[in-house]
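For the protein sequence lines, the chains are C and Z, in the order given.
Counting along the first sequence from 1, when you hit position 191 you're at 191 in UniProt numbering, and nothing is skipped either side.
Counting along the second sequence from 1, when you hit position 265 you're at 265 in UniProt numbering, and nothing is skipped either side.
It is worth saying that the hints were derived from the structure and are not from the lab.
Treat the hints with care, since some could be wrong.
[What the hints assert, rightly or not] If we take Cβ atoms under 10 Å as the criterion, some of the chain C residues that face chain Z in the derived model are: (1) Val11; (2) Asn101; (3) Leu104; (4) Gly107; (5) Asp224; (6) Lys292; (7) Val355; (8) Asn467; (9) Ser473; (10) Thr477; (11) Pro478.
[What the hints assert, rightly or not] Restraint ranges, calculated between C-beta atoms of paired labels, are given here: (12) C:Leu9 x Z:Val149: 48 to 58 Å; (13) Z:Lys100 x C:Lys212: 44 to 54 Å; (14) C:Gly161 x Z:Leu222: 50 to 60 Å; (15) Z:Pro159 x C:Lys358: 51 to 61 Å; (16) C:Asp133 x Z:Leu274: 30 to 40 Å; (17) C:Leu9 x Z:Phe232: 30 to 40 Å; (18) Z:Leu222 x C:Lys99: 27 to 37 Å; (19) Z:Lys293 x C:Gly129: 47 to 57 Å; (20) C:Gly60 x Z:Tyr12: 38 to 48 Å.
This one's a predicted model, so the numbers in the text were calculated from it and none came from an experiment.
Here a beta-carbon is modelled for each residue, glycine too, at the ideal position from N, C-alpha and C.
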Amino acid sequence: MKKSYVILLAVVLLLSTLIGCSQGSNSTNTADKEDNASAPKQGNNGNATETVKIKYLVPGTEPKDYKEVFQKVNEKLAADGVGVEVEKIYIPWDAWDQKLNLMLSTGEDFDLFHVMQDRTPFSSYYNRGALADITDAIEKYGQNLKKYIPEDIFDGAKINGKYYAAPSYWVEMASEGEFNIRRDILRENNLKEPATPAELISTWETVMKNWKGSNKPYLGTRADFDPIFLHTSILHRTYDTFPFTVKDKFFYVNQSGEVKSWIETEEFKKDASFMRELYTKGITNPDILVMKQEQVDAQLDSGEWFVRLGTGGSLTGLKKYNPEATVNDIGVVWFNPEKEYLRPLTFKNGNAVPVNSKHPEEAVKFLDWMLASQENYDLVQYGIEGKHYTKDGEKGYKPIKDPNNNNNPGYRGSDSQNGNVNFMRFDLENSIPDNNKVLFEPNPNAVNSIAANFIFDPTNVRTEYTNILSEASASITPIYMGVLEYDKAFPAALEKMRKAGLDKVVAEYQKQFQEYQASLK
Amino acid sequence: MLSDIRRNGTSYLLVLPAMAYTFIFGYMTYPYMLIAFQRFNYSKGIFHSEWIGLKNFEFFFRSNKAFTVTFNTIYLNLLFIIFGTLTALAISLILNELRKRLFVKISQSMMLFPHFISWIVISYVLYAFFSMDMGIVNKMLNQFGIAPVNWYTEQQAWPAILTIMHVWKGAGMSAVIYLATITGIDETLYEAAEIDGASRWQMCMRITIPLMMPTVVILSLLSVGKIMYGDFGMIYALIGDNGTLYATTDIIDTYVFRSLRQIGNPSEAMAVGLFQSVVGFILVFGTNAITRKFFKDGALY
Numbered sequence: 001m002k003k004s005y006v007i008l009l010a011v012v013l014l015l016s017t018l019i020g021c022s023q024g025s026n027s028t029n030t031a032d033k034e035d036n037a038s039a040p041k042q043g044n045n046g047n048a049t050e051t052v053k054i055k056y057l058v059p060g061t062e063p064k065d066y067k068e069v070f071q072k073v074n075e076k077l078a079a080d081g082v083g084v085e086v087e088k089i090y091i092p093w094d095a096w097d098q099k100l101n102l103m104l105s106t107g108e109d110f111d112l113f114h115v116m117q118d119r120t121p122f123s124s125y126y127n128r129g130a131l132a133d134i135t136d137a138i139e140k141y142g143q144n145l146k147k148y149i150p151e152d153i154f155d156g157a158k159i160n161g162k163y164y165a166a167p168s169y170w171v172e173m174a175s176e177g178e179f180n181i182r183r184d185i186l187r188e189n190n191l192k193e194p195a196t197p198a199e200l201i202s203t204w205e206t207v208m209k210n211w212k213g214s215n216k217p218y219l220g221t222r223a224d225f226d227p228i229f230l231h232t233s234i235l236h237r238t239y240d241t242f243p244f245t246v247k248d249k250f251f252y253v254n255q256s257g258e259v260k261s262w263i264e265t266e267e268f269k270k271d272a273s274f275m276r277e278l279y280t281k282g283i284t285n286p287d288i289l290v291m292k293q294e295q296v297d298a299q300l301d302s303g304e305w306f307v308r309l310g311t312g313g314s315l316t317g318l319k320k321y322n323p324e325a326t327v328n329d330i331g332v333v334w335f336n337p338e339k340e341y342l343r344p345l346t347f348k349n350g351n352a353v354p355v356n357s358k359h360p361e362e363a364v365k366f367l368d369w370m371l372a373s374q375e376n377y378d379l380v381q382y383g384i385e386g387k388h389y390t391k392d393g394e395k396g397y398k399p400i401k402d403p404n405n406n407n408n409p410g411y412r413g414s415d416s417q418n419g420n421v422n423f424m425r426f427d428l429e430n431s432i433p434d435n436n437k438v439l440f441e442p443n444p445n446a447v448n449s450i451a452a453n454f455i456f457d458p459t460n461v462r463t464e465y466t467n468i469l470s471e472a473s474a475s476i477t478p479i480y481m482g483v484l485e486y487d488k489a490f491p492a493a494l495e496k497m498r499k500a501g502l503d504k505v506v507a508e509y510q511k512q513f514q515e516y517q518a519s520l521k
Numbered sequence: 001m002l003s004d005i006r007r008n009g010t011s012y013l014l015v016l017p018a019m020a021y022t023f024i025f026g027y028m029t030y031p032y033m034l035i036a037f038q039r040f041n042y043s044k045g046i047f048h049s050e051w052i053g054l055k056n057f058e059f060f061f062r063s064n065k066a067f068t069v070t071f072n073t074i075y076l077n078l079l080f081i082i083f084g085t086l087t088a089l090a091i092s093l094i095l096n097e098l099r100k101r102l103f104v105k106i107s108q109s110m111m112l113f114p115h116f117i118s119w120i121v122i123s124y125v126l127y128a129f130f131s132m133d134m135g136i137v138n139k140m141l142n143q144f145g146i147a148p149v150n151w152y153t154e155q156q157a158w159p160a161i162l163t164i165m166h167v168w169k170g171a172g173m174s175a176v177i178y179l180a181t182i183t184g185i186d187e188t189l190y191e192a193a194e195i196d197g198a199s200r201w202q203m204c205m206r207i208t209i210p211l212m213m214p215t216v217v218i219l220s221l222l223s224v225g226k227i228m229y230g231d232f233g234m235i236y237a238l239i240g241d242n243g244t245l246y247a248t249t250d251i252i253d254t255y256v257f258r259s260l261r262q263i264g265n266p267s268e269a270m271a272v273g274l275f276q277s278v279v280g281f282i283l284v285f286g287t288n289a290i291t292r293k294f295f296k297d298g299a300l301y
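Chain C with its partners taken away, still in its complex shape (with noise of 0.2 Å):
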């Protein structure tokens, strides 16, 4: 009796660890046989065309009603012969890099992945031999793609004349250098909208001395250096080298060419003596260093926030704060406004499609197939009508709360992912209207760094790179989050950077940019 007790747990354990390794090839198995039995379909333009499924590698939670959604999404991807089945397989945001990484090396059976520049740029990717080249199906099947998304936009998706990405047109990069404000503190306080960084200061102090809730609104961000990750690019606007643009967090390049380091730079220092000033003045949370993200989410959730750069917010959070606050009292300001308006990179989100695909054609019609009708749009992004949303007006939506779901809507998509500019619909009533123009409406006058498109490859220098990088973030961030004085810290952290390599990066990023420059002409 005994006996078999044991060899009955000895038999789970066994199973219980290969189940892991066998799961994996049983779900391409049975995508393989599906592949192979589904049935030929007419398709529209009267070709025949065979249902292939793909997956969709995405950050984040599942939707509650994901399923429900993507089934009527493969409904009608069938009902208009795009012979296409998706199905979307969600990470978690925190094993995102890492799983997709393996997933990626490892050649396991996906047909494409959502790529966030900010996080790592889709060039790394290309660099490893990761990505397929998906040119050919862009110009076969990316009618729409084409229509949607501009050319200038599209081009940054290219290395040496190949697409090896396709850009989500979902945000105007030339909001980069405004920062919002709360007009009810200001009112509260009787302050008028700060024109300059000195204003700005002077104003947060005041807000800050007769601030009434149990948190200070203290600047609402996690340390770093990179002036595109921290919006401290508003700052940029008020010195006279503006337009010039910090890429790839250490170089400064403007509009006529020129390169340096960004970190050497006048601008540079003027950066870290403004942050100093809001550090030493208590507007900065003195433990700023250690911030983590949900601490700083949670600070702008509450609604005890006076200034956040770059955008965020939302009516629920204000009301926390100010129970009659309104979607008006958040308000977008950028320091001399009459300067030129420039897009630091083209593009931050977009998808692309592993090397080791099968369904590269396929990947591209569904991305396409989105754009091809508002129907087809408001479906992946908003879900089903009357039970996720209902239409208000031509450009706005309802979201439909349920219950079930912490009261929200059961499904949405992400504008992030696949959003588009020319199809998207807000909340009229809960969103924040400055936030949604400066976003989502193009700015005709904004203009493209001249290094927008421009793509680092740092395989020649990848030591250095990847010293400085983790130099940087040890030396340069205390600075330039202004919890070290600049004049004190700033030598030894000089030294630090040229001994991990600097020098050679910033000559390496010279040479290439140049040649990139002469590959236009």
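With chain C held as given, fit chain Z onto it using these hints.
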């Protein structure tokens, strides 16, 4: 061998899952070590990627951080091992001497509890202690008229803070193992000592501690084998991206994670992993050799 398997079939059967696990996740992964010497290309795979020799090791060894982070890894782990073992030993001895069973049970459970709290949660507890505005420590300093300290920029304080946190979290668990060893000691030894008129202190010093030494040594040896592997979960949760503390707290694992988070190059990650394994291997052999020479019972092999 075969007849032994036939005789103790069930026991071998129990080992089988562990063997399968080790085989798949241990030995089957060996070929992938090759990528440490390659410019690994996803589409070409491990057998066709370009061979570049030791180039992947350069990013680590040519950086000015290699020495610091290796030193920190070993130094912090030594602190953890020494203070962790001493505290666990002390706890188990004290618990063993206590006679109120209920009290022993309760205190043992309470000491075990921190083991189950994640480092992320602890990082918030730590923040409550050491934050500038609201931190308990600074409020106490304030009571005594001492100016508040911005602990998150005081690099010298952190090896001590980390050691305290590590010991607090892990000592209860290790104490359980030591307590089990004590329970296994032959009762007749104590009876004999009692007849000879030994005091409890003498029994502890002459019987309990010497008989615990093999367990202590084996556990320490196992820890030394992992000395090149820092506690990534801990350091990353408590220190995170706080650059001002790196000089004393940055370990190989966090350094590599930060360096490769963006670039995500598996070859370089493998190169550093290989370095850690080789040094760990040498250290286990070295310590075991020393133990065998001076304390034969404690050696692993």
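The hints, checked one at a time:
For Val11 (chain C), the shortest C-beta to C-beta distance to chain Z is roughly 9 Å, which falls under 10 Å, so the interface hint holds. Interface hint status for Asn101 (chain C): upheld, as the beta-carbon distance to the closest one in chain Z is roughly 5 Å, under 10 Å. Satisfaction of the interface hint for Leu104 (chain C) is found here, the shortest Cβ-Cβ separation to chain Z being roughly 5 Å, below the 10 Å cut-off. At a threshold of 10 Å, the smallest CB-CB gap from Gly107 (chain C) to chain Z is about 7 Å, leaving the interface hint in force.
With 10 Å as the threshold, the beta carbon of Asp224 (chain C) comes within range of chain Z, its nearest partner Cβ sitting at about 8 Å, so the hint holds. The closest approach between the C-beta of Lys292 (chain C) and any C-beta of chain Z is roughly 7 Å, which is under the 10 Å cut-off, so the hint is satisfied. With 10 Å as the threshold, the beta carbon of Val355 (chain C) comes within range of chain Z, its nearest partner Cβ sitting at about 4 Å, so the hint holds. A distance limit of 10 Å between C-beta atoms decides the matter here; for Asn467 (chain C) the minimum to chain Z is near 4 Å, and the interface restraint holds.
A hinted interface residue such as Ser473 (chain C) counts as satisfied when its beta carbon comes closer than 10 Å to some beta carbon of chain Z; here the least separation is about 5 Å, so the hint holds. The interface hint given for Thr477 (chain C) holds, since its Cβ lies 5 Å from the closest Cβ of chain Z, which is under the 10 Å cut-off. Nearest Cβ of chain Z to the Cβ of Pro478 (chain C): about 5 Å, under the 10 Å cut. The hint holds. Against the hinted window of 48 to 58 Å, the Cβ-Cβ separation of Leu9 (chain C) and Val149 (chain Z) comes to about 55 Å, which satisfies the hint.
Here the CB-CB span from Lys100 (chain Z) to Lys212 (chain C) is close to 52 Å, well matched to the stated 44 to 54 Å. Taking the beta carbon of each, Gly161 (chain C) and Leu222 (chain Z) are about 56 Å apart, inside 50 to 60 Å as hinted. The supplied range of 51 to 61 Å is met by Pro159 (chain Z) and Lys358 (chain C), whose beta-carbon atoms lie about 53 Å from each other. One distance hint, 30 to 40 Å for the beta-carbon pair Asp133 (chain C) and Leu274 (chain Z), holds here, with the actual separation near 33 Å.
Here the CB-CB span from Leu9 (chain C) to Phe232 (chain Z) is close to 33 Å, well matched to the stated 30 to 40 Å. Look at Leu222 (chain Z) against Lys99 (chain C): about 30 Å separates their beta carbons, and that is inside 27 to 37 Å. In this structure the hint that Lys293 (chain Z) and Gly129 (chain C) lie 47 to 57 Å apart at CB holds, the actual value being about 51 Å. Range check, Gly60 (chain C) to Tyr12 (chain Z): Cβ separation about 46 Å, and the 38 to 48 Å hint holds.
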